[in-house]
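**Student:** Next come the chains, spelled out residue by residue.
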Amino acid sequence: MDLAILFGGFIAALLAGVPVAVSLGIASALYIAFSGTPLVVIPQKMYAGMDVFVLLSIPGFILAGNLMNNGGITERIVRFATALVGWLRGGLGLTNIAGSMLFGGISGTAVADAASVGGMMIPGMKRAGYPAPFSAAVTAASSTVGPMIPPSVPMIIVGALSGISVGQMFLAGAVPGILMGFAMMVTCFLIARRRNFPREDWKGFGELLRAFAAAFWAVAMTALIIIGLLSGYATPTETAVLASIYATVVGLFVYRELPVRKIPKIIVESAVSSAGILALVGFANVFGYILAAERIPQTIAAAVLSVTDNKYVVILLINVLLLFIGTFMETIAALIILFVPLLQLAMAVGVDPLHFATFAVLNLMLGLTTPPVGVCLFVCANIAKIPLAPVVRAILPFLLTNIAVLLAVSYIPPLATWLPRTLMD
Amino acid sequence: MNEQAADQKNRSGGPVERFGAALAFICRVGTGGAFAVLIAAVSIQVVGRSIGSSPVWTEEVTRYALLYLAAFGTGVALRTGTLVNVDLFAEAMPRRISWLLRFLSAVAIIVLCAVLVMPAWRYTAIGTFQTSPALGVRMHLIHASVLVLIVLLGVFALLRALGMLAGSDDGLPHELASEDDAQLADGER
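So the sequences go chain by chain: A and B.
Heads up: the first sequence begins at 1 in the working numbering, then just goes up one per residue.
Heads up: the second sequence begins at 1 in the working numbering, then just goes up one per residue.
Derived from the structure by calculation, the hints contain no laboratory data.
Idealized CB from N, CA, C, for every residue including glycine.
Each hint should be verified, as a subset may be incorrect.
Derived Cβ-Cβ restraints for the label pairs, each shown as a range [claimed, not checked]:
| id | chain 1 | residue 1 | chain 2 | residue 2 | range |
| --- | --- | --- | --- | --- | --- |
| 1 | B | Ala36 | A | Gln344 | 36 to 44 Å |
| 2 | B | Leu100 | A | Arg393 | 17 to 25 Å |
| 3 | A | Gln344 | B | Leu165 | 44 to 52 Å |
Short derived list, chain B residues pointing at chain A, Cβ under 10 Å [what the hints assert, rightly or not]:
| id | residue |
| --- | --- |
| 4 | Ala34 |
| 5 | Val42 |
| 6 | Ile51 |
| 7 | Pro55 |
| 8 | Thr128 |
| 9 | Phe129 |
| 10 | Gln130 |
| 11 | Thr131 |
| 12 | Ala134 |
| 13 | Ile150 |
| 14 | Leu158 |
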């Protein structure tokens, strides 16, 4: 009965349009009130959830991405990506994907990637004769690469939940992220060849070098972040703040496109975005406490293991569940609620926690491009000024490609674990 | 909502809207201020370590700044739609039902926050007898961040509900950028 209140209250509030964070709070408060536990446990668990050292890096990484984005980086990344792959059939689609991969190394969220790269690429692709649904779909699909390539807000959250170092999490996502990008490029190229999409002119190695030189300072931020974490010189929080300072210097003095008067606004916007994430983490921690108290992780693990203890089947079941949950639940909320219960199950059949964390994040990223609650789909359809339905149809080949990558990462652990184990152990 | 409409929405209105805009401005200053403290403390930590040893208090200041960033920013995040919700079902309904669901959402937030104010107050009071290890700050000042978060979240939900009843707010998010632009434009006028 108590659990029916917990889950029923959560789903009812969610469907009514209550913010995900507050829906978790309402469901938890109802459960706690009915179970007779003092309500003071709610603020106590919220505080404990938000006062986690690793979370300190989130505002810094969001700020660094926003500063770079306002400092003229998008145009330079797109120019470099165009010089690199634009001359192939379907060149602007490929540019879009390559741009997202490069942008992913600067921004920690897929939505920021979709809005930034999409804001420039979707109108450009439409002008060049690409169908609007394809232009929106390729942007939405490729934006999910962003949180796999470091830095990544979801990877920081997983680090906070599991105790795995943020540096290891960042590196674990890198190879799958690059794999996703290349796989989507192949899909894009095949579609472009079949539908005879245009290509850009090859402008020579001179333009490629000039475009690289222009984008160098932006792309170097990814290297700075990785070196900062790998060298052990800086904690993730310090790396995030250093990246913000670097982005400010590049925007003000190298690219000279970051207006000084805009900086306070960018700081506040980044802080408000971070506050939304932290509130979600706080309320979700109360929900997670109830799940732990009710021994839900153990119950799920026992129920699944009573059916099968085959590692490969369990991995498949976890993926199906996460894909289903990801279609309607916000990524970070889904991670906070489900990560610990499913980690217990995965570990029971011998899955490495780092491997599990990587394919769980990758899986939930796909939810950003699936209806009904694919945020990146909405953002891109909105930029393209078209309804959602044609974008959903156009994204299917990319979604299938990404599911294939998900299966590869799920069943070939070194794709996730090799890089962090090689560089950090 | 286009920017012009959002801008109009942010500038229009009676006392509820003016109070909401003023409170949002104060909270944005608080959120940005907390973030500035966080950045400053981390910078001191890095510089300190580079030239010898960092002060012991920087880690605590950073953590507490993050808690107050969340405290001041969550209400604004609700107002601007940064606090994400699943509005697909609600917005797919006929207009009146969508409006009603948005209103009920605001009421649900108010009720939750009202219920949690006293527990948050008790949690704050628990900190009275504790001090932080490095700074020696009374912990009730830090525990109070949760109380501030809950109160501000409730107040912004209340302002939304009142605005909807008065017909000056449709219950949809105010765009942060437009609010800032409106503020700048007001300042320039």
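**Student:** Does the closest beta carbon of chain A sit nearer than 10 Å to the beta carbon of B:Leu158?
**Tutor:** Interface hint status for B:Leu158: violated (14 Å vs cutoff 10 Å).
**Student:** Quick check on B:Val42 please, does its C-beta sit within 10 Å of some C-beta on chain A?
**Tutor:** holds, 4 Å
**Student:** Please check whether A:Gln344 and B:Leu165 have a Cβ separation lying inside 44 to 52 Å.
**Tutor:** holds, 47 Å
**Student:** Quick one, is the B:Thr128 hint okay against chain A at 10 Å, beta carbons?
**Tutor:** violated, 14 Å
**Student:** Once the shortest beta carbon distance from B:Pro55 to chain A is found, is it less than 10 Å?
**Tutor:** violated, 14 Å
**Student:** Taking the closest Cβ pair, is B:Gln130 under 10 Å from chain A?
**Tutor:** violated, 12 Å
**Student:** Could you tell me whether the CB distance from B:Ala36 to A:Gln344 stays inside 36 to 44 Å?
**Tutor:** Holds, since B:Ala36 and A:Gln344 (Cβ atoms, about 40 Å apart) stay within the stated range.
**Student:** Would the hint on B:Ile150 stand, with a C-beta cut-off of 10 Å toward chain A?
**Tutor:** Holds. Min distance 7 Å.
**Student:** For the restraint on B:Ala134, tell me whether the closest CB of chain A is nearer than 10 Å.
**Tutor:** Violated. Min distance 14 Å.
**Student:** Under 10 Å is the threshold here; is the Cβ of B:Phe129 close enough to any Cβ of chain A for the hint to stand?
**Tutor:** Constraint on B:Phe129 not satisfied, violated at 15 Å.
**Student:** Take a look at whether the Cβ-Cβ distance between B:Leu100 and A:Arg393 falls inside 17 to 25 Å.
**Tutor:** The hinted range 17 to 25 Å is violated for B:Leu100 and A:Arg393, with Cβ atoms some 33 Å apart.
**Student:** Can the hint on B:Ile51 be confirmed by a CB-to-CB distance to chain A that is less than 10 Å?
**Tutor:** For B:Ile51, the interface hint is violated, since the closest Cβ of chain A sits about 14 Å away, which is over 10 Å.
The structure shown violates the earlier hints numbered 2, 6, 7, 8, 9, 10, 11, 12 and 14.
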